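Each protein sequence line maps, in turn, to chains A and B. Under our numbering, the first sequence has 59 at position 59, and the numbering climbs by one with no breaks. Under our numbering, the second sequence has 166 at position 166, and the numbering climbs by one with no breaks.
In short, the hints are calculated from the structure, not lab data. Keep in mind that a hint or two might mislead.
Unchecked claim - Label pairs and their in silico Cβ distance ranges:
1. D23(B) x R87(A): 20 to 28 Å
2. N135(B) x A99(A): 52 to 60 Å
3. E4(A) x T244(B): 49 to 57 Å
4. N160(B) x R87(A): 45 to 53 Å
5. A60(B) x S34(A): 52 to 60 Å
6. T244(B) x S34(A): 21 to 29 Å
As the list claims (entries may be wrong) - Here are the computed lysine-lysine pairs in the PhoX-like style, where the Cα-Cα straight-line distance is at most 20 Å:
7. K80(B) x K2(B)
8. K128(B) x K52(B)
9. K52(B) x K147(B)
10. K62(A) x K3(B)
11. K3(B) x K128(B)
12. K107(A) x K147(B)
Stated by the list, open to error - Only some residues are given here: those of chain B computed to face chain A with a beta carbon under 8 Å:
13. D17
14. P63
15. C206
16. S238
17. F257
18. P259
Just so it is clear, the structure is predicted and the values come from calculations on it, not from any experiment. The C-beta atom is built at its ideal place from N, Cα and C for all residues, glycine as well.
Given next are the chains, with one letter for each unit.
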Amino acid sequence: MATEQLYRIRIVNRDQEFFCTEDQVLLIDMERRSASSINVGCRGGGCGVCKIRILNGDYETKRMSRAHISEAEEKQGFALACRVFPRSDMAVESDHYIAPEESPYQKAAAQVAVR
Amino acid sequence: MKKGVMRPGHIQIRVLDMKEALDHYRDLLGLIEVETDSQGRVYLKGWTEIDKFSVVLREADEPGMDFVGYKVLDNQTLEKLHGELVEFGCNVEEIPAGELNGCGRRIRFDSPTGHMFEIYAEKEQTGKWGVDEVNPEAWPRGLTGMKVTRFDHCLLYGPNIAGTLELFQTVLGFDLAEQTLDENGTRIAQFLTVSQKAHDVAFIECPEPGKFHHASFLLDTWEDVLRAADLISMEDVSLDIGPTRHGLTHGKTIYFFDPSGNRTEVFCGGDYHYPDHPPVTWTTDQLGKAIFYHDRVLNEAFLTVLT
């Protein structure tokens, strides 16, 4: 049986790394390896929470919501980690999602415990 | 006061990949695939639904919800409400019959929360799927996945839910069934009904207009909710939270995501509402319990992850 190809994914802003297989997207392999260097949202390219910027490395992406990754941003290496398949070792920056203004519901939730 | 709006009739959801979306809505939820129209939109329905379709999937660059439609009693009601929507100040557009296959003329309007809604009086009735109209058996053979019975409601996030409440109460005849009030008595969540259900549509206050939190589909029993949870694990589907119970509406529920990141709920049970009932109120100091009755703690994703 062929050895599965593992790529080293370095999250430079968190000084953390995890390994990802070539047939899996970054975010899912990160979760499987109990790492938490990228924030997790819908895992489907829709909500924008796992927005990253790829600094170097080769990769392929599935379709991502244009509400969160414009064509210009895509060219600059921005992507949603739940839609990125590695094709080499990679260095990325996480935490590029800018949350919209807090809703009153979130503000109320901040008063009680949120996990 | 009832104004002749009967029920939620359809929802059009944007997806990034139609094939993956059908794996979710048809094969996992167990909706019945009805047909594909000339624009490539796919129509589906729950097996108990009498009308031809209730879910329309449209492939697009940005997931989310295009519109929700409500069926009204007849064309006379449609005309009357059309006038009242204009008078209320909504931007109103007429969609000709047949723009959705099998659906009559629709009146589309916007809301203060930035969502698009429509009302219509006529849709082709194809009957429940897989059972006879006369002497119907209990359920049809050949259902797949979670075997959801119908599209039930949706939860939408946007600004000025007070304005949308006024629109739905005064023009469309919905009642406020349940609500969450903050310490100043300001309503930050509202569950509206046009039937005996605890909600036919719900809204949560949020600065961003037009956001979609989830579409919800009905199951019969708590055992069915647990079975849905098993399928979510078996298929490695992106889970949000559950199985659990809500304090608000007291529904038993599980939340997960479609392959484009739109949230789906399947649920059973919950409160009922009659027009003379005062709204059920939860206060924000009990917000954890209001949302997730067992954990009594909120998860961040439930509040912030939207399409």
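Quick rundown of the hints versus the structure:
1. D23(B) x R87(A): 20 to 28 Å: 25 Å, holds
2. N135(B) x A99(A): 52 to 60 Å: Between N135(B) and A99(A), where Cβ atoms are some 56 Å apart, the hint holds.
3. E4(A) x T244(B): 49 to 57 Å: 36 Å, violated
4. N160(B) x R87(A): 45 to 53 Å: 46 Å, holds
5. A60(B) x S34(A): 52 to 60 Å: 34 Å, violated
6. T244(B) x S34(A): 21 to 29 Å: For T244(B) and S34(A) the Cβ distance comes to about 23 Å; the hint holds.
7. K80(B) x K2(B): 13 Å, holds
8. K128(B) x K52(B): With Cα atoms ~9 Å apart, K128(B) and K52(B) stay inside 20 Å; holds.
9. K52(B) x K147(B): At roughly 17 Å apart (the allowed maximum being 20 Å), K147(B) and K52(B) satisfy the hint.
10. K62(A) x K3(B): 46 Å, violated
11. K3(B) x K128(B): Distance ~27 Å between K3(B) and K128(B) Cα, so the pair is violated.
12. K107(A) x K147(B): 37 Å, violated
13. D17: 6 Å, holds
14. P63: Holds: closest Cβ of chain A sits about 4 Å from P63(B), inside 8 Å.
15. C206: 4 Å, holds
16. S238: 4 Å, holds
17. F257: Constraint on F257(B) satisfied, holds at 5 Å.
18. P259: Given a least distance of 5 Å, the restraint on P259(B) holds.
Checked against the numbered hints given earlier, this structure breaks hints 3, 5, 10, 11 and 12; the rest are met.
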